[in-house]
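Novice: Listed in order, the protein sequences are those of chains A and B. The first sequence begins at 1 in our numbering and counts up one residue at a time. The second sequence begins at 1001 in our numbering and counts up one residue at a time.
These are calculated hints, taken from the structure and not from any lab test. Here a beta-carbon is modelled for each residue, glycine too, at the ideal position from N, C-alpha and C. Hints are supplied without guarantee of correctness; some may be wrong.
As the list claims (entries may be wrong) - If we take Cβ atoms under 8 Å as the criterion, some of the chain B residues that face chain A in the derived model are:
{"#": "1", "residue": "L1057"}
{"#": "2", "residue": "F1088"}
{"#": "3", "residue": "L1092"}
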Amino acid sequence: MKRNPHLTQKIAFFLLLLATLLIVVPVGLIVVIIIQKGLPAMNWQFLTDIPRQGMRAGGIFPAIVGTAYLVGGAIIFALPIGLLAAIYLSEYSKENILSRIIKLAIINLSGVPSVVYGLFGLALFVVFFKFGASILSGALTLGIMILPIIITSSREALESVPDSFREVSLSLGASKWQTIRHIVLPNAIPGILTGTILGLGRAAGETAPILFTVAAFYLPQLPGSIFDQAMALPYHLYVISTQVPNVDEKIRYGTALVLVLLVLFMNLMAIIIRSKLRKNKKW
Amino acid sequence: MVTFSVKDLNIWFGTTQALKDVSLDVRTHEILSVIGPSNSGKTTFLRTLNRLNALHLHLKMKGAVLFENKDIFKIDLELLRRKVGMVFALPLPLPLSIFDNVAFGIRMQGIKDKKRLAASVEEALKEAHIWSEVKDRLNESAFKLSGGQQQRLCIARTLAVKPEVILFDEPCSGLDPISTARVEETMVKIKQKYTIVLVTNNVKQAARVGDRTAFFLNGTLIELDSTHKIFTTPSDTRTNDYIVGKFG
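Given the sequences, and given the hints that come with them, work out the whole structure.
Specialist: Shown next, in the form of structure tokens:
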């Protein structure tokens, strides 16, 4: 049978469009439904008040603060370590079986289910180091979870800096570290920042890693130190959706909306920073 | 006076041999042109002199390279590269301003004094014959310059470190004839103060600027003599064939 090129083109076009729509439509629906059902709950009191009447009324302020602490703590821990590891892997480590295994392991780590990180955090930070269920344990657990994201994206950013820049710098008598510090790093910052912020977004949204390590079911006051438990948005959402009966739908969706907006805001920041710094890119 | 003395240099990248038993001297304050078809090992030879080849992972090297009678592997690496500067095939400004490009090498030596930096930058730019074109726009990005200007900026950047030798790796391969003439003019002028090794694909360029010319073929040094001799009465027929353009 002879194929009709116009027909096959049309079929291919249709299939490609269909696949794209299959991705876009559910995402769009999720956003629309969350906004539609959550927007009525949005007001100043909801954002700044503590939960009241067994979390059936009042606000979600402690959960917002808790998530902010956790995300901040995770990044303070993960960014320096991740960046240094990425510099070592991309600039110093020799290409051999060991370094290849390490790189592969790091990539695979980002595919490990988050609940496994939760268990790991429980065993290491809560029990072994005796930090207890605390912001410290939770932040460290989240930090370990986002380390692979930060290392991988930082490595890619470092490796995308052209080798010719390194050669020029070295040929002018700069040492290897000077070359990294003054030439490679400044040109890799957009990529590093983007990866970091994407990692932040992931840390903000995950429930499982904080489940055993920090999250409080109900804690009407703000945490006082890093050894306190804290509420966090994703866990709070889980609690009021499944554990507490008769919670008003708009409070549940309002919480979800805040969480989505928070993550969206972070991703937006990543995009803005990247495009801003890309404009300055000159090669 | 001999600046570089190369003895029985063999270099392999993995299993392919890039240089075979190369022995030659680079004399002080000469322009030594290195010509040969692509893959003849001339760039490999050049990048051995400032140890930039060592960045290559599977490099194996045999033989000796002496810089001022000292083994280059026994000289402090950063010091060697300060004394043996390099200008690359393509103009490669760093993503910095014109001023910062030229000041980069000096800054890396720990010099922070603004007056001293400014003086060194001005001197280097003047020496590379580009000062009058850039003196009012030192803070602009180096990428705003034309290709020929960028290459002279790169020469200035190399000169700013006050090297003794400058290695040119096909410095005009990406330039138009007028920019090429400017760069060549600069080379001949700075020859009084520096020893120059010029790798070039452009046979005529070697004839124009070189004091002596070396002809490489398949990793072997075929012939090294005064430029005049090489271009009038070469002793090897392959040299003659390459120069007149029978292959290349």
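Novice: Decide, hint by hint, whether the structure agrees.
Specialist: Here is what the structure says about each hint:
Restraint check, B/L1057 versus chain A: the minimum CB separation of about 6 Å is within 8 Å; hint holds. The beta carbon of B/F1088 comes within 7 Å of a beta carbon in chain A, closer than 8 Å, and the hint placing it at the interface holds. At its closest, the beta carbon of B/L1092 sits 5 Å from a beta carbon of chain A; the interface hint therefore holds under the 8 Å criterion.
When each numbered hint is compared with the structure, no violation occurs for any of them.
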